[in-house]
Structure formats: C-alpha cells, structure tokens
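Going down the list, the protein sequences come from chains A and B. Count the first sequence with our numbering and you get residues 1 to 544, in order. Count the second sequence with our numbering and you get residues 545 to 853, in order.
Some clues are possibly wrong.
Here are the simulated DSS-like pairs of lysine-lysine, each with C-alpha atoms no more than 30 Å apart in a straight line [what the hints assert, rightly or not]:
id: 1; chain 1: B; residue 1: K758; chain 2: A; residue 2: K142
id: 2; chain 1: A; residue 1: K202; chain 2: B; residue 2: K598
id: 3; chain 1: A; residue 1: K153; chain 2: B; residue 2: K761
id: 4; chain 1: B; residue 1: K598; chain 2: A; residue 2: K151
id: 5; chain 1: A; residue 1: K432; chain 2: B; residue 2: K758
id: 6; chain 1: A; residue 1: K193; chain 2: B; residue 2: K598
id: 7; chain 1: A; residue 1: K153; chain 2: B; residue 2: K607
id: 8; chain 1: A; residue 1: K100; chain 2: A; residue 2: K238
id: 9; chain 1: B; residue 1: K761; chain 2: A; residue 2: K123
id: 10; chain 1: B; residue 1: K607; chain 2: A; residue 2: K151
id: 11; chain 1: A; residue 1: K202; chain 2: B; residue 2: K758
Computed beta-carbon distance windows for the label pairs [stated by the list, open to error]:
id: 12; chain 1: A; residue 1: D201; chain 2: B; residue 2: L562; range: 31 to 39 Å
id: 13; chain 1: A; residue 1: D38; chain 2: B; residue 2: S717; range: 39 to 47 Å
id: 14; chain 1: A; residue 1: K153; chain 2: B; residue 2: S814; range: 51 to 59 Å
These are computed hints drawn from the structure, not numbers from a lab. Model, not experiment: these values are computed from the prediction. No residue lacks a Cβ here, since even glycine has one placed at the ideal position from N, Cα and C.
So the chains spell out like this:
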Amino acid sequence: MSRRIAVLRLIVFAAAVALVIPMTAVSPAFSQAKLAKDQTLRMVIREPTSMDPNLAGDHSIWYVDQIFEGLYKILDDGKIIWLGAKSMDVSKDGLTWTFKLNPSAKWSDGKPVTAQDYEFSWKRAIDPKFASDVASFYSAIKGADPYMSGKVKDPNTVAIKAVDTYTLQITMAEPAPYFRSVAGLTYLYPVPKHVVEKFGDKWSEAANIVSNGVFTMQSWKHDQEMVLVRNENYWGKKPVLQKVLVRIVPATELCSADFRAFEANETDFAMCVPTADIERVLRDPNLSKQLTSELLSASQFLVFDAGRAPWNDTRVRQAFNLAIDREKVTQVISRGLYKPTKVLVAPGIQGYDSKHALQGGPADAQRLMAEAGFPGGRGFPAFKLTAPDVQARGNRVLAELLQQMWKDTLGITAQIELMEPKAFSAWRSGRKNQPFDIYTRGGWWSDYEDPTNWYNIFFEDGWLNSHWQNDQFLQLVRAAAPELNRAKRIALYDQADMILERESPTIGLWYFTDYWMRKPWLKGLQHTRILGFFWLRDVTILEH
Amino acid sequence: MRRYVVRRVLALIPTLLLIYTIVFFLMRATPGGPWDETGSRPVFPEIRENLMRKYHLNDPLWKQYVDYLSGALHGDLGPSYRQRGRTVNEIIADFFPISLQLGLAAMVVAVGVGIPLGFVAAIRQDSWIDRGLMLLAVIGISTPSFVVATVMIVVFGVYLRWVPTSGWSGLFSRQALIPLFALALWPLAAVARYSRSSMLEVIRADYVRTARAKGLKELAVVARHAARNAMIPVVTITGVYLAFVVTGSFYVESVTGVPGLGRYLVLSISARDYPVIMGTTLLLAVIVMIVNLIVDLTYAFLDPRIRYE
Numbered sequence: 001m002s003r004r005i006a007v008l009r010l011i012v013f014a015a016a017v018a019l020v021i022p023m024t025a026v027s028p029a030f031s032q033a034k035l036a037k038d039q040t041l042r043m044v045i046r047e048p049t050s051m052d053p054n055l056a057g058d059h060s061i062w063y064v065d066q067i068f069e070g071l072y073k074i075l076d077d078g079k080i081i082w083l084g085a086k087s088m089d090v091s092k093d094g095l096t097w098t099f100k101l102n103p104s105a106k107w108s109d110g111k112p113v114t115a116q117d118y119e120f121s122w123k124r125a126i127d128p129k130f131a132s133d134v135a136s137f138y139s140a141i142k143g144a145d146p147y148m149s150g151k152v153k154d155p156n157t158v159a160i161k162a163v164d165t166y167t168l169q170i171t172m173a174e175p176a177p178y179f180r181s182v183a184g185l186t187y188l189y190p191v192p193k194h195v196v197e198k199f200g201d202k203w204s205e206a207a208n209i210v211s212n213g214v215f216t217m218q219s220w221k222h223d224q225e226m227v228l229v230r231n232e233n234y235w236g237k238k239p240v241l242q243k244v245l246v247r248i249v250p251a252t253e254l255c256s257a258d259f260r261a262f263e264a265n266e267t268d269f270a271m272c273v274p275t276a277d278i279e280r281v282l283r284d285p286n287l288s289k290q291l292t293s294e295l296l297s298a299s300q301f302l303v304f305d306a307g308r309a310p311w312n313d314t315r316v317r318q319a320f321n322l323a324i325d326r327e328k329v330t331q332v333i334s335r336g337l338y339k340p341t342k343v344l345v346a347p348g349i350q351g352y353d354s355k356h357a358l359q360g361g362p363a364d365a366q367r368l369m370a371e372a373g374f375p376g377g378r379g380f381p382a383f384k385l386t387a388p389d390v391q392a393r394g395n396r397v398l399a400e401l402l403q404q405m406w407k408d409t410l411g412i413t414a415q416i417e418l419m420e421p422k423a424f425s426a427w428r429s430g431r432k433n434q435p436f437d438i439y440t441r442g443g444w445w446s447d448y449e450d451p452t453n454w455y456n457i458f459f460e461d462g463w464l465n466s467h468w469q470n471d472q473f474l475q476l477v478r479a480a481a482p483e484l485n486r487a488k489r490i491a492l493y494d495q496a497d498m499i500l501e502r503e504s505p506t507i508g509l510w511y512f513t514d515y516w517m518r519k520p521w522l523k524g525l526q527h528t529r530i531l532g533f534f535w536l537r538d539v540t541i542l543e544h
Numbered sequence: 545m546r547r548y549v550v551r552r553v554l555a556l557i558p559t560l561l562l563i564y565t566i567v568f569f570l571m572r573a574t575p576g577g578p579w580d581e582t583g584s585r586p587v588f589p590e591i592r593e594n595l596m597r598k599y600h601l602n603d604p605l606w607k608q609y610v611d612y613l614s615g616a617l618h619g620d621l622g623p624s625y626r627q628r629g630r631t632v633n634e635i636i637a638d639f640f641p642i643s644l645q646l647g648l649a650a651m652v653v654a655v656g657v658g659i660p661l662g663f664v665a666a667i668r669q670d671s672w673i674d675r676g677l678m679l680l681a682v683i684g685i686s687t688p689s690f691v692v693a694t695v696m697i698v699v700f701g702v703y704l705r706w707v708p709t710s711g712w713s714g715l716f717s718r719q720a721l722i723p724l725f726a727l728a729l730w731p732l733a734a735v736a737r738y739s740r741s742s743m744l745e746v747i748r749a750d751y752v753r754t755a756r757a758k759g760l761k762e763l764a765v766v767a768r769h770a771a772r773n774a775m776i777p778v779v780t781i782t783g784v785y786l787a788f789v790v791t792g793s794f795y796v797e798s799v800t801g802v803p804g805l806g807r808y809l810v811l812s813i814s815a816r817d818y819p820v821i822m823g824t825t826l827l828l829a830v831i832v833m834i835v836n837l838i839v840d841l842t843y844a845f846l847d848p849r850i851r852y853e
C-alpha cells in the first residue's frame, strides 16, 4: 500500500509541477459555472504611500491603477486599449503628439474628464514645489526639464497644452518614440482639477477623492483597510466585480500575511508566497494548482567596476560570467520559479535576443582567467561583492552561491559585503567617481517597455556607475533612442545588445516572476509583465 | 509631595532636550537619506534637490535643529516624508491610541493574572503548584513575543480558523486576542516571578508572624498584611513593562497586523522619515518618564515609610 501511495504522490507532484507553468487555461467546466451572488474580491496589500497619481511612484501605483485611468493602456500583447483618449496622432518629425480625448469619460462625481484636467495634472506632477519623483517620466516634453529643476519659473513654457476641451497636445524637446510606452502609465494619469484645488494635499483621502477608473474608493483606514467599489459613473463597460475589500498589513510582514490570509480563505488572491513555503505549495495537490509564476519584465544582475583593473579586462568579466550556474542559483533562491537568463535585458525590450548571450562553460571561464594572467586564480587581487541586505530578494544566499561558484571554478574568493538597504543605496550613488569591485542591487524592473529604460538609463545616463566606456555601444544607443523608424531602431539596439553581452560589464542572472495564488473561483485576473500590475476590471467570482 | 512632582516634571525638560539632540544628530549621521532609492526607481538629482528644498533639508544643520524644535514646542511634529500629505501629528493620533489600548489591556491581564499566580506559588513554596507555575513562567519569559504570535496565528488562524490571520477591528474583538496574549505573556511571567520572590521574603517577616499569632486566617494574613508590602518590587517591574508595552511592540504589531505606533516607528527608521522618527521618539520618551513618575509615587502609597519631600 505504501508503495502505491508513494507512486501516487509522485504522480501528483509531477502533475503539480507541470501545472505551475501554464497559467490561465480556463477549462470549459469552469467557464460555464455560475457567478457568485456576492461579487467581492478580497486581497491583502501594504499601505500605499499615496493615492495621488501625481505622487504615486512606488507600489502605490498598483492601487492608483484600480481607481484611475489614463489615456490608454498597453497590455502584454503590445496592443493599445483606448481609455481616456480615443486616438493619438504623432507628427511626421515625431515632435508633436496630439491626443483626442474620450468625451464620454467622466469623473466619479459626474464631471467630464477634460484636456484641462490633463494639462493641470501633468504640470502639477513636474512642479518643483510639489517635488514629485514621478516627474522624471515627463522629461522628454519640451520645457519640462528647465521647469522641473527650477531654472525656469513659468509653467506656461512647458509644452503641455489643452487645445480645446477634448484635445491635448504636447511637444517634445526631441523625438522620443519611447513616449508611446510612457503616456499610458499611472504617473501620467489625470487628477480632477476641481477637487485638487478644493482640498489641496488632502484631496486623495477617502472623504474627498474623486477618480475616473472602473472603481472608486469608498473608504481608507490608513494601515488597516481600504474598500473600493464599482464606479457607477464609469463611461465604459462596468466590471462585474462590485467591491474590492483590501486588508492593509505592514510592509515587513506583507508576504507571509498575504499568503497566510490566502491559506485561511480570507482572500481570493495572493501576490506572494514566502520562499520557505514554495516547496510545500508545490507538493500540495490543491495549492499547487492555485499557484502561477508570472513572468515580469525585470531582471537580476551583477555590475562590475569596468573602469579599473582587474575588471577592465573583458576576459576577467567573461570568466566571472561563465562560471555561474544560473539553473542552480534560481533553484536555490526561488525553487526554480524565477527564470534563468544569461543576458541582461528582458524579453519584450527591443534589442533583447537570448542568442546574444556569451557562449561557454566553466572550462572556458578557467581558460579566460589564465589568458588574463590569473591561471587558477593565482595573483588575483582581493575583491568584494556588495549587495543590499534585502532578505526577501535572497541577496545573502545569492552572494554566498556566487562566492562558492567562483571559488570552485576560478579559484578565487569574493568577500561578501551586505549593507542596510538605504546605506547601500547611498553607497551605490557614491560610486559615480569611486572605485568598487562587483555589486548587485537586487534587480531592475522595466518602468515601461522600451529599450531606453535599460540601455540608455544604465549606460548613457551612467546610472549603473559601472564606469564601462565603449564608444561604439554608446553611439548606437544614442542614435537609437530618438530613431523614428521602428525597424532601424530595433536594428540599432540589437547591435548594441550584442556588444553589451560580449563585453559583459553586467551579468544577467534571472528574470523575476510574480508568484500569484488564485482561488479556483477567481476568474479573469490578468497580470502585466510591466511591474506586475493586476487588471481587476475583468475579474469575476464564481459560485463556491 | 506636590513640590516633588513639580520638580520631577521640570526635570523632563532637560531630559527631552537631550533625547531630541541625540536623535537629531544620530539620524543625520546614519548613512542613506529619505530619498535614496530602495529597490525601486532612481530619484532624479533635480527632483531630489526639489524634495530637499521642500522639506528644508538644505538649510544649515543648526537651523533645522532649531526649526524642528520650535515647531515641536508649538505642537507641530512636521510632515511625513514617506506618506505624502500626512503629518506626524495625524499619524500619532491614528496609531498611538491603538498601541495604548492594547498595551494597557495587556498589562491589566499581566498584573491581574501574574500577581495572584506569584502569590499562590509563594504560599505553596516547593509544592508541585509552585514548580509548575514557575516552569510556565520561565517558558513565558524566554519565548519571544513574535514567536508566540506567529504560532498562535498559524494554529488559530490558518488551521482552526477561529480568528482572522491579521488585522485590527478594535480591542473588543476576537482579533485582538492574539496580540493581547502575545504582548501580555512576557510581563505576566515576569510579574509572577517577582511577586513570588517578594512574597517569599515578606511572608517570613516578623509582622506577618505577629499577624498569624493574632490568630488571623491565612487569607487575611496574606491579603491584608503581606501583599501590600510584597508589592513594591512588583510595581517597579510593572512600570518597566508598562512603558515598554504601551508604546507598542514592533514585532507583535507587525506579525499580527495591528496598526500601532511601535511598528510605525521601525518602518519610519528604515525609510529615514526624520520627522516621524523624531515625533514618535519624543512621544515614547515622555511616556516612559511619566510612567516612571507614577511608579515612584506609588511607592509612597504602598509603604508609608517612603516620603517625597
């Protein structure tokens, strides 16, 4: 009997593992099931730092996105879903962008959403006195940078203009094709001018807030609970869901509180599984069916100080790259739920091509080290691997794994240096002109799906502080960013990516995934790979 | 007596000023500032500059020191950097009452249960009741509150589903039981142990023998004569725990999802939210000092030999 059970367990486990990868295959039996009477979705989040779209720059955007909407939304297939706008017209020179707004769009108090609201909101977001960190998303617009930095005081110099009630026109400082991916982001959602002017800072509290999305905020008890209800004034198709009941838990306990609440049937949806519980979930015949790992446009990587020895030798960087066993790393850190990658940028970003990855294995790594003058690691200087001490991201374990792999393959031992997150951040910003060896910051999430969000920010703006100077690469990404011809732009980024991967100033390790748990009665919940938004408007709750 | 109280209250001023000064400079000396990114997008230099200007962080340090102090003296503890649009006063008004309620309730339980248990153990010294109770007390003292809370949540929340796994809906709800118990356990065990040892000392004193010799019943001896004198060390230890518990336990509040001040203070430290750190620290300091004063005054009430001039 025990043998039969063992076999059965094995089958169940295998089935469970197989079920983790495919995600939203709705079986016909379910799609015909009846809707529940109570269309309430229950979930757990952490306290938003702000529900004002002009301020929300962190996880708050997920909740802002439920009650507000912008000009349009781009889902994972790349198609535009028109919301606040009906059309977008870009002039031939790529400088003037005209948005025709949707005249039926209304605020939840019944007032129309106008181009004046957009103009007011966008100028508010970049107002230096308002000092919002989402202002960086507007920097392509003509006049935005000087106004933002306080050099020019007059907001009318910023080329954002309400031409008439339903026409919004902006002019770019230079062609910025990436703005297509930016214009639909939460940072550019409108705020209701009449409400903001009336209530000031307090407009986004539950008592005052007016929004334009499919849901509105009914109540918000800070750090306790938020209730969203269907916006009966919404212009388009209203969601089936009537209510979203959100429990707010402390950030430090988010993952475990979220998962425990899901297990106890207090919520229908969880956005996290603690690493320690993944194994158990995968083995459990029921829980494993409710788990999906959803790919994000986000990767984890290492950065070298390529400006000094020994890291300025490409062969050394390549050797470090080839010595890493990514399958093993992701297995340990995420029980295989993250997706290993040998390249830096994520799929969906122009320039990405997994074939650009450096080819070779540990033997090649050893050969490269010997060629660089460090056979068997002899003579290699002492060096540090620095990382922020963020337990949830597994940085400590990652550092120890890498230390072991480099020791085994290359014969050298990294010294691990973990820092408190804020201290790490200050340290990292200080590396602009300061030397270091290798660091990992704990990943990068695409803010929008465009190569400028990776190549140009990392290396042209020099935000990585990698001190890597490759003129050919820089020329390519500089030329590609404003390129209006799509095919040409892709080709330029493709060449740049090839150089980047060959030179290895950075080492890609894995793509992050969101571990989502959905109750079987929860249908129609979509994930976006950009920042893991959850799209609640199509959600339905089946009878259960 | 009144002069003593006035003197003690006046002594709060230099102490608070000292705490203010230490915290102010410690915060500034800690690496990393409020706008160093943590795991999310970089903050543009121009925007950081705007933020620094908005919150007067570019002012000379002495000016920031004086400005915040003068604001605080006028009852304005400043804005929160992390929660835009919220002030420290609002945050304290929202969260402190919850920590206070929960903490007071936990202390009532700790004292109400701990003292009788300690006394019973003392009277029945070396019996199995004594041994059993003290074993429990040792377990209570040595188990960290967040372990107690986590285990209770998993057992009563996830498996038995008697209580929600986290959240807060007032002190008189089932949900409050887990944080209440987790908070009360430690002081309860400590109070029980102190009550026992102090009762053991008193019960051998001459006046207790006299009371017995008068032919009083055991209960009357303990309750009327011994207990009052045995209370002094217990009051001391209760005071220590009271200050600790009403200001909110970060661990218990985090694990059980109670929106209290303790958890907020720790979050604000990791966010370098200077005004929130300062505001809450000053509040906690005042509470600790007031509790200490109350404890000292209680001594005089318990033991007529103690007088404050």
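What's the verdict on K598(B) and K151(A), does the C-alpha distance respect the 30 Å limit or exceed it?
Answer holds: K598(B) to K151(A) is near 16 Å, not above 30 Å.
Given the hint that K100(A) pairs with K238(A), does the C-alpha gap stay at or below 30 Å?
holds (22 Å)
CB of K153(A) to CB of S814(B), is that within 51 to 59 Å?
violated (36 Å)
Is it true that the CA of K607(B) sits at most 30 Å from the CA of K151(A)?
holds (26 Å)
With the threshold set at 30 Å, check whether the alpha-carbon distance from K432(A) to K758(B) stays at or below it.
violated (85 Å)
Tell me if the straight-line CA distance from K153(A) to K761(B) falls inside 30 Å.
violated (87 Å)
Is the hinted pair K761(B) and K123(A) satisfied, with a Cα-Cα distance of at most 30 Å?
Distance ~83 Å between K761(B) and K123(A) Cα, so the pair is violated.
Check whether the Cα positions of K758(B) and K142(A) lie no farther apart than 30 Å.
Distance ~97 Å between K758(B) and K142(A) Cα, so the pair is violated.
Under the criterion that the straight-line Cα-Cα distance not exceed 30 Å, is the pair K202(A), K598(B) satisfied?
holds (17 Å)
Quickly compare the C-alpha distance for K193(A) and K598(B) to 30 Å and report which way the hint goes.
OK: K193(A) and K598(B) at ~22 Å, within 30 Å.
Verdict for D38(A), S717(B) (Cβ pair) under range 39 to 47 Å
The hint (39 to 47 Å, Cβ to Cβ) is violated, given that D38(A) and S717(B) are roughly 22 Å apart.
For the pair supplied as a hint, K202(A) and K758(B), is the alpha-carbon distance within the 30 Å limit?
Roughly 71 Å between the alpha carbons, so the hint for K202(A) and K758(B) is violated.
Figure legend: structure checked against the earlier numbered hints; hints not met, in rising order: 1, 3, 5, 9, 11, 13 and 14.
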